[in-house]
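Each chain sits in its own coordinate frame; assemble them with the hints.
These protein sequence lines are chains R and L, in that order.
Per this note's numbering, the first sequence starts with residue 1332, numbered consecutively.
Per this note's numbering, the second sequence starts with residue 513, numbered consecutively.
Source of the hints: derived by calculation from the structure; they are not laboratory data.
None of the values given here were measured: they were computed from a predicted structure.
Don't be surprised by glycine CBs; every beta carbon is placed ideally from N, CA and C.
Errors might be hidden in some of the hints.
Said to hold, decoys possible - Estimated spans, in silico, between C-beta atoms of each pair:
| id | chain 1 | residue 1 | chain 2 | residue 2 | range |
| --- | --- | --- | --- | --- | --- |
| 1 | L | A711 | R | Y1335 | 35 to 43 angstroms |
| 2 | R | G1419 | L | P771 | 33 to 41 angstroms |
| 3 | R | E1349 | L | D649 | 40 to 48 angstroms |
| 4 | L | A541 | R | D1413 | 31 to 39 angstroms |
| 5 | R | D1413 | L | D624 | 24 to 32 angstroms |
| 6 | R | H1400 | L | T617 | 39 to 47 angstroms |
| 7 | L | D649 | R | A1373 | 43 to 51 angstroms |
| 8 | R | Y1335 | L | G759 | 36 to 44 angstroms |
| 9 | R | V1415 | L | E613 | 41 to 49 angstroms |
| 10 | L | P536 | R | V1415 | 28 to 36 angstroms |
| 11 | L | A555 | R | R1422 | 45 to 53 angstroms |
| 12 | L | D596 | R | G1419 | 31 to 39 angstroms |
| 13 | L | D724 | R | T1376 | 44 to 52 angstroms |
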Amino acid sequence: MTLYAVQKFLYEINRDCEVQAMYTSDRSAALAGYDLDDEEHAALTDPDIGKLYVLGVNGQILMHFAAFHRIEWNDYLQRMRDGVQEYGPVRAGVYTLNEDHPRKEGS
Amino acid sequence: MTLVYAGVCSHAPGITGRAELADPVDHDALRAAFDAMRHRIEASRAEALIVVAAEHFANFFMNNMPAFAIGMADSYEGPIEDPDWLGIKRRTVTGCRALSERIITSVMETHDVAYAEEWRFDHGISVPLHFLTPRYDLPIIPVNVNCQGPPLTPLHRARSFGEALRRAADAVPERIALIGTGGISHWPATPDSGRINEAWDRDFLNHWTRNDRDALVDYTDQEVYTNAGQGGFEIRTFVAVSGAAAGSTGTVHFYRPIPIFAVGCTVADYDLCDGASEPPNSTEAR
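One chain only, chain L, in its complex shape (with noise of 0.2 angstroms):
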């Protein structure tokens, strides 16, 4: 089929578990655009949903760390967080491990993948899912890229990455929705825990919406280190979305710096039919 639905989120683990900490309006607001996104995804009618999440060593340490993997199983099970502090039940998780295999086949054409028959969620999926799948009625291929153990998988391969994903889902039968989790900037789990850099966001997300390729494989770590945290290392998500929606255009429904979350919370997502009616062409991976 094609490619239905392409966004972002965030998945910060006091969305869910500090929810109570937070100011009422600040979280209600943002409940509301996760709800919004929810809506968007369910009227694009996609049968299946591909999470391009941040890890957190939940899964992948750095005896064996993948640039990329992708899930490959029936089921999954999360949060792997004790599901008091991050404030979200434990359950199993459908998936489904045909579709995964050919996506998988598809996207190693021009990538190299780990595959993963087990995978334990952690907040990067849970939180999200959480919101946007409430009833885990959709199955979900979990996508990692490496944002947590230097050295980084490379943005411009983050990017390419997407692209191969968009090829893999414009390829397969299946109605595919696909969303990129993670914060922009934020220094998550230090003593720098809350501060988030608005500014530098703010035009991180202004490349993102335009879709500007160049623009967004243009940080070195060094730079995000410096203005945006390690956290800001989990912009390698967005730029997946942004390769797998190339041509297209996208709008940031939500975005507002919640410290206690620590992180600006963002909701945000592409115009698939404003221009990427052809599926963008890779012009690295090969």
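If we strip away everything but chain R, and leave its shape as in the complex, we get (with noise of 0.2 angstroms):
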């Protein structure tokens, strides 16, 4: 797993007119200086959100990436429910931190 280099470039890209640029005409270029194993790359390239999401991918970046490819935000929201229904829960980063607290939830 290589999550940083995932959420490196996603941050990249989020801010970079330049790499978005390069992206967008060669996205297998875009991503030469990251280092992603083949399931990264892909989920990178297609793009697929619902990997991304599973994989790890911080919301407050993976959220900026979704409205480049002009994904509604519901479209978003859903990608990410299909993807863990597919791939599975979450693997890596925040999402996984344990949630053995006691819930205190609101109505």
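Below is the structure:
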């Protein structure tokens, strides 16, 4: 797993027009400098929003990548839900924090 | 001079980016609450506004993540997000490098702070400014507390950082306003977006308005994640403002869960005249 590299690429593309242009013209070339395995590379080039969520990408980074691909908000949320259904629970990152503390749910 | 205003508000991007999807009653009520907050800031005759925000990987990433960062420039750009997505036009926002430098120098007496001469505002700052300084005529000093990339800034450090901001504000001749922006409970940009734990939020706001330091810094990240989601980590911004207003009590002017905005929308502030005549002295930072 190289979640750091996946998120680093998304951080760069979210804030840099030149990276956006490179990705638009040649997605694999834009990813060349990042230490990605095949699954991560494919998720970023497809793009597979659900897979990226399951890999552990923080939504605060992922939502802008989805917006870049003109994925509408509710579609973005659904793609993450579908990703969990298809690939299983989130594997790494902030969303794997232990939820074993007693719940105090509101109404 | 002194700190002349201290408050908190929500900054969720949906507030501007998905405004048309909200119930107009909710949207209008929140807009009115922001307008009232703006009037209170204007009435304070503030000459600069410090915005303690929870930055979302727009400027800071896990390659070099500061626990605290303060902007030090005469101007900033924002929003970094697609303006159409956020519903806010991109623009240059006025800062004040000299004032920032004096604030940073003071805060550095007790806290290790990263400073940034470049800062591209994300929704954490751009959404509040859209409502609170719509003419963009108040110099802004952006501040970030790491609420996003664990290990996060400890809550007691956020509190003492707020105390340091207060000492800094009291030491400069300008009239300084301070706001913290962020969510309380929320699960933003995840499949659970729209989930809000109102009971947890109201408990937290009760601690915040009473300015109960011990209660505010007693939360663990595990407890917050379970009951308030990863968005709940942004309480650090509220806790920092509570430190700046130590000795004062506050008022929640607006709180309403608005799921399409993905957060319990909040506008609240402290009455700085009700007991905060003595600047807070940090017991932890030295």
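Tested hints:
no. : hint                                  : in the structure
1   : A711/L to Y1335/R: 35 to 43 angstroms : holds, 36 angstroms
2   : G1419/R to P771/L: 33 to 41 angstroms : violated, 27 angstroms
3   : E1349/R to D649/L: 40 to 48 angstroms : violated, 33 angstroms
4   : A541/L to D1413/R: 31 to 39 angstroms : holds, 34 angstroms
5   : D1413/R to D624/L: 24 to 32 angstroms : violated, 43 angstroms
6   : H1400/R to T617/L: 39 to 47 angstroms : holds, 44 angstroms
7   : D649/L to A1373/R: 43 to 51 angstroms : holds, 49 angstroms
8   : Y1335/R to G759/L: 36 to 44 angstroms : holds, 43 angstroms
9   : V1415/R to E613/L: 41 to 49 angstroms : holds, 47 angstroms
10  : P536/L to V1415/R: 28 to 36 angstroms : holds, 33 angstroms
11  : A555/L to R1422/R: 45 to 53 angstroms : holds, 51 angstroms
12  : D596/L to G1419/R: 31 to 39 angstroms : holds, 34 angstroms
13  : D724/L to T1376/R: 44 to 52 angstroms : holds, 50 angstroms
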